[in-house]
Amino acid sequence: MLVLSCSNLTKTYIIDTILDNLSFTVEDGDKIGVIGLNGSGKTTLFNILNGEIPQDSGEIYIQKSVQIGYLKQHTSIESNKTVFNECLEVFLPLIEMEESLRNLEHEISLEGSRGESEKLSTLMEQYANLSEKFLSLNGYGFKSEIKGTLKGLGFKDEDLDKEVNVLSGGQKSRLSLAKLLLEKPDILLLDEPTNHLDIDAIDWLEKFLKDYKGAALIISHDRYFLDRVVNRIFHIEHLKLNVYNTNYTNFMARRKKDLEIYQKHFEDQQKEIKRQEEIIRRFKAYGGERYHGLAESRQKMLDKMKLLDKPMGEQQKSRIKFEPKVKSGRDVLRVEGLEKSFGDFKLLRDINFNIYRGEKVGLIGANGIGKTTLFKIILGELSKDGGEITLGHHVEKGYFDQEMTKLNLNKTIMDEIWDENPTFDHYKVRSILSQFMFIGDDIFKQVSDLSGGEKGRLSLLKLMLSQANFLLMDEPTNHLDIDSKEVLEEAIINYEGTLFVISHDRYFLNKVTDKILELTKEGIKEYIGNYDYYLEKKNEILYEEDEEDGKTKTQIKLEKRKEKELLKEEKVKRREIKALEEKISNQESKLEELDNILCDSSIYDKPEKVVELTKERENLQMELDNLYNQWILLTEE
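Residues 1 to 637 (UniProt numbering) make up the sequence shown, in order.
Just so you know, these hints were derived from the structure itself, not from any lab. Hints are not guaranteed to be accurate.
[Stated by the list, open to error] Derived pair list, reagent style DSS-like, types lysine-lysine, alpha-carbon separation capped at 25 Å:
(1) Lys376 / Lys346
(2) Lys256 / Lys31
(3) Lys257 / Lys310
(4) Lys615 / Lys590
(5) Lys462 / Lys321
(6) Lys179 / Lys143
(7) Lys310 / Lys325
(8) Lys81 / Lys179
(9) Lys321 / Lys274
(10) Lys133 / Lys213
(11) Lys31 / Lys207
(12) Lys133 / Lys119
(13) Lys606 / Lys133
(14) Lys207 / Lys172
(15) Lys284 / Lys300
(16) Lys213 / Lys325
(17) Lys525 / Lys462
(18) Lys72 / Lys207
(19) Lys81 / Lys133
(20) Lys151 / Lys119
(21) Lys64 / Lys151
(22) Lys72 / Lys119
(23) Lys573 / Lys147
Only a predicted model underlies this, so the values are computations on that prediction, with no experimental measurement involved.
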């Protein structure tokens, strides 16, 4: 079913056209990736569709009763409520409905004590209708739904009782996303929904969106995410929107082929035009009425030809090249027994790992696990509580900060580079800036006025100029569009130094890393390979013999005993899970039986029985919610 369509949509700001004659349709259930360079008009399109700004021309048709929900890239909630209670706001109609049911139960009880009456029959009918509606809207399960959504997006049990106002910016963004998903609008507009999610939360969101019954338009630069979720691509380039009914990887292949075919058609047409013009020129040169007539005939044919627009070609891309000034020793970084606490809370415990020259190492882990803290300790910006950190011979560090706090907001782009490289002349500074797409008067922009993507490019340029042989990068792809990510990936692949990078961009990790370090509450686990290799190993239970080399027999015996204990615990846990699942199944069957009884209109002739059954159903639902919570805790361990 068609839920939204746009015809010849155009938007201009003063004299700059942003979107020109966009036409497309959205069907119910579509999952659409909206992609394009930063500044191509993606967010402008979302603002128009959501009615926040008007289009200059064109028509927008939205199916009657269709609701649109919009998650902005930069959003913040201010509230004194707890996280859980903030989400309850979504279900106010259900909460009011539940209150109405309780009031009706009270009225029915009072009226029933007086015997049969017309008023009692009316109350019973109202109660039956409202109960049926309450049940159909998941009235008995919405609290479990809230908890499941919040946990899926990375909130812990203890976070649910926190006040919204004390949350970080990233947590507030996740809360906004949770509320929107709980609202279940017919069309979701999501602008960079994965920006503040860790890998587990992104995985949960992917599954949620794939099963989502409504339509979703998603602006994203996460290529793994796009491949797993979307079935259509809206590509905005050169003010136009092109539709591809496929995922991201297939879109890239088809777009490349389309561009090649179009280029060939354009070149063939240009050759034909030149050939015809040469024939016309010759006919005119021959003179005479006959040749003049032939020339005119050919010219008319040429004038009627539908000319193809010149291919726009590739957009200008940054040119990044990381070149170490000096070569480091073989051992770049050694971390032994590292510990870090904040008050009574131990964040990092017994962290041990080595990084060697030339390695490209990815650091992954849940939000809040301590990845950025680890980087700051390595950089000397935070003190450690225990353990040793040893940097190798001739190691020179360069740091890309996720928050880009190393940029001076009060300087211009040009001064930001020139002040740190005073030996450069004016022409060299301009030349280097142009390689990063800062051209013309752009170089005199204040850093504070730059977009996230522009600040990201400027930070990468400063990192490139540092000529460090050990790069530490904290979420370097966060504000980059797909083209800029590809440029960065190529630069890192060709980099001869050593890389240590925090990222939740799985495509990026897969392409550039050759080792993955997973940071957990217990410490660090090492996987020698890229992200796909890490996933493969995570899904296997392997005990490799070479791990036991060099250990004493006592150590090996203790480890094997520990393995047996863990396997025993796992068996016990599996039995507990199975028992819980049987209880859940029985409880759901009882609920279904009660619902069938309550749906029978004849039961409402006995008001006391209805009240009794309703209370019984509420108790069953509470028990079921408790069982679900136990099941979630066991399966998440």
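Hints, verified against the model:
1. Lys376 / Lys346: Roughly 16 Å between the alpha carbons, so the hint for Lys376 and Lys346 holds.
2. Lys256 / Lys31: holds (22 Å)
3. Lys257 / Lys310: holds (17 Å)
4. Lys615 / Lys590: holds (13 Å)
5. Lys462 / Lys321: holds (12 Å)
6. Lys179 / Lys143: Answer holds: Lys179 to Lys143 is near 13 Å, not above 25 Å.
7. Lys310 / Lys325: Not satisfied, since the Cα-Cα distance of roughly 43 Å exceeds 25 Å.
8. Lys81 / Lys179: The given pair, whose Cα atoms are some 14 Å apart, holds under the 25 Å limit.
9. Lys321 / Lys274: At roughly 42 Å apart (the allowed maximum being 25 Å), Lys274 and Lys321 break the hint.
10. Lys133 / Lys213: holds (20 Å)
11. Lys31 / Lys207: Holds, at roughly 12 Å.
12. Lys133 / Lys119: holds (21 Å)
13. Lys606 / Lys133: holds (20 Å)
14. Lys207 / Lys172: holds (22 Å)
15. Lys284 / Lys300: holds (14 Å)
16. Lys213 / Lys325: violated (55 Å)
17. Lys525 / Lys462: violated (32 Å)
18. Lys72 / Lys207: Status holds; Cα separation ~21 Å.
19. Lys81 / Lys133: The hint is violated at about 28 Å.
20. Lys151 / Lys119: Violated. Lys151 to Lys119 sits at ~46 Å, over the 25 Å cutoff.
21. Lys64 / Lys151: violated (34 Å)
22. Lys72 / Lys119: violated (50 Å)
23. Lys573 / Lys147: Distance ~22 Å between Lys573 and Lys147 Cα, so the pair holds.
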